[in-house]
Amino acid sequence: MAKKKVTHQSKDHHNEPKQQESAAQNPPNSVTDSTTTAVAMDDSSEKLQSLKSLNARLLKETFEGRQQIDSLVQAKESLQAELTQSGLEKKVLETELNRASEENLGLELEKGVFGVFVEAQMGQMMREKVERARSEKESEIGSLKREVSELLGGLENEKEKLREMEERERLLKEEVEKLRVQYKGIVKEKEERERVVEGLKKEKVLAGRNLAESERSVAKLKSENEKIAGVKNEVERIKSGLEVKIGVLEKEVGQKNMIVSGLRGEVEALRGKISELDKSFGEGKKEAERKLAESERLVEKFKSEKEKNLSEKNEAERIKSELEEQIGVLEKEVEQKNETVSDLRGEVEVMRAKILEMEGFIGEGMKEMELEVKSLKEEKDEKENNIEKLHSQLYEVEAALKMKVVEANNKELRIEELIRKKNEIEGEKVHQENEIVALHNEVGELRDTLFALRNSCRDYEENNKQLLSELGNCKDAFDRVTLEKNEAQKAFTKERKNVDNLKLVISEKEKSIQEIADELRALRGKQENLLDNAKATESRLESLEKERDSAQKSLLEAQSRVEEWRAKVESAGVNHERALIMLKKTASMILSPQSEQGKREVVNNEQKLEEEVRPYAAELEAIQNAFRNKDKIVEDMKEQVESLKRSEAEAHKRKSFWTLVSSATTIFAAASVAYVAKGR
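Per UniProt numbering, the very first residue in the sequence shown carries number 1; after that it's consecutive.
Think of the hints as simulated: they come from the structure by calculation, not from any bench. It cannot be assumed that every hint is accurate.
[To be verified] DEER-style ranges, computed between Cβ atoms:
#: 1; residue 1: Asp448; residue 2: Glu89; range: 46 to 54 angstroms
#: 2; residue 1: Glu96; residue 2: Gln68; range: 38 to 46 angstroms
#: 3; residue 1: Lys52; residue 2: Asp476; range: 19 to 27 angstroms
#: 4; residue 1: Gln68; residue 2: Asp448; range: 20 to 28 angstroms
[What the hints assert, rightly or not] Mimicking DSSO-like on lysine-lysine, the simulated pairs with C-alpha atoms at most 30 angstroms apart in a straight line are:
#: 5; residue 1: Lys421; residue 2: Lys332
#: 6; residue 1: Lys47; residue 2: Lys421
#: 7; residue 1: Lys511; residue 2: Lys173
#: 8; residue 1: Lys47; residue 2: Lys60
#: 9; residue 1: Lys60; residue 2: Lys465
Every residue, glycine too, gets a C-beta built ideally from N, C-alpha and C.
Could you put together the complete structure from these sequences and hints?
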């Protein structure tokens, strides 16, 4: 197909100078001729486009078949890659299992060492916690077993999901095939719509051309009233020449029809498509006629709006420039169409010469028409200068103009009929020539593509069978690998669960050890605080014992001193009584006169009393001093009693022997108070 395209392109390049020469020899004669030739060219180009689209569609289908083969090959490669990846994953799982078993052994060793350490360090205090941990562990093991059973159920569910996913994948593949078929149908519809759009665009261009031609004809009718007779004679001359050429062309068309009838049996399917294109062209033609009627209606409207002559003059000039541009575009399009037509005229050189003669004749007529158009333009300029002067005569001219317009319309209708017949004959001739050449080419191309497609389909079927067998093998291997992978994963999950359980047990034991260590630290802190308190209490106890000893000593000393003072007080009291008795006796002796003997006895008694009292004089003086300083001593003793009470209150919580001290102090205080009171 590619070689044939290159040959067509080379033919196009070789035929370009000829086409340019023919285009140079055939300048545009009139707008009607150019439009009719353009219509014929459009028909041929549409059929060429349809044939090219068929060729492109066949190429596209072969390309899609190759793409499907490539996709199957890629699927095979992806399956092989997945198999290798599953093997690598299996190796990784084996290494992970080995590592997990080693970690399990290490954890068991750590567990034994940890148990020995815990038993050695914690002893009886940890046994209860170990029992509690054991019960918790058993409960956790039960929960883990339940979780394992749940996970096994989950694995079964996952397997079911995998089966469902495989079923979904198969359904998706079927849906993809359906979507591919739908896509092909959509592509075909899109191509048909594009062809319809192209036809509508061409119809739009034709309608625009017809509208432009109608507007230009209106402008010409305004300025070319005096030249209608000359144009009529020229049309009659052209008509006679065309009738002669039409007869010749009809004979040639009959010959070509005989050739075409021989090829119709081979290309009946293509003719159906061409008939569909003809139908679409007929519809486009009807649309163009409808638009032409609309343009005529617009012309009538334009005639009714002649009072806006000045603005319409500018509009006419603009339309004239646009029409000139459109004529240039049409000339370019005609050249392009002539180039495409020249590629298909290899077998009709004789007819080309005749057509060239006719085109030369038409070219001369076009040159004459161009000269007339130039003269008419000059006259139009003069009339535009005199239009203000002739405005008053416009109504009369309009009446005459209407008559001439009717005549011109009739003549134009006759001209259009002749031109239409000519164009139809030429179009039919060119169409049949194009059909013959295109059908020959298409028959050869379709045969080549048919053979190529058969070969490619055969190769595709063989490759598909091989790929299906390989795909079945790959699926079997993949199923085996997935089973091994699932078994390895189950073992790995079991080992991982055991490892996780051991880790949980170890972490819990570590937590319990940490808690026990924290408790030990707290107990050690409390013990240290108790030791410090014990040391402080011991030191305080020692000081209190020392104070107790000193207090006992002072108590004994005080008791001895109390006894001594008591004896002295008793002796002093006796002496004091004796002294009182003596004083009483002396007083009685003084008051009552006595004898000398009585006085002597009193004196002797006093002397005896003095002798008896003399050893105690110092002590009596000390007692007197003590009585003098009794207040001071009482205050000192009160202060001592208060201090003893405070010490008693402080030490009352620690030791019970302070009760003895307090009782001793109270006794001492009572004794001292009694002593003081007695001294008073």
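Do the hints match the structure? See the list:
| no. | hint | verdict |
| --- | --- | --- |
| 1 | Asp448 x Glu89: 46 to 54 angstroms | 50 angstroms, holds |
| 2 | Glu96 x Gln68: 38 to 46 angstroms | 41 angstroms, holds |
| 3 | Lys52 x Asp476: 19 to 27 angstroms | 48 angstroms, violated |
| 4 | Gln68 x Asp448: 20 to 28 angstroms | 22 angstroms, holds |
| 5 | Lys421 x Lys332 | 25 angstroms, holds |
| 6 | Lys47 x Lys421 | 21 angstroms, holds |
| 7 | Lys511 x Lys173 | 56 angstroms, violated |
| 8 | Lys47 x Lys60 | 19 angstroms, holds |
| 9 | Lys60 x Lys465 | 23 angstroms, holds |
Checked against the numbered hints given earlier, this structure breaks hints 3 and 7; the rest are met.
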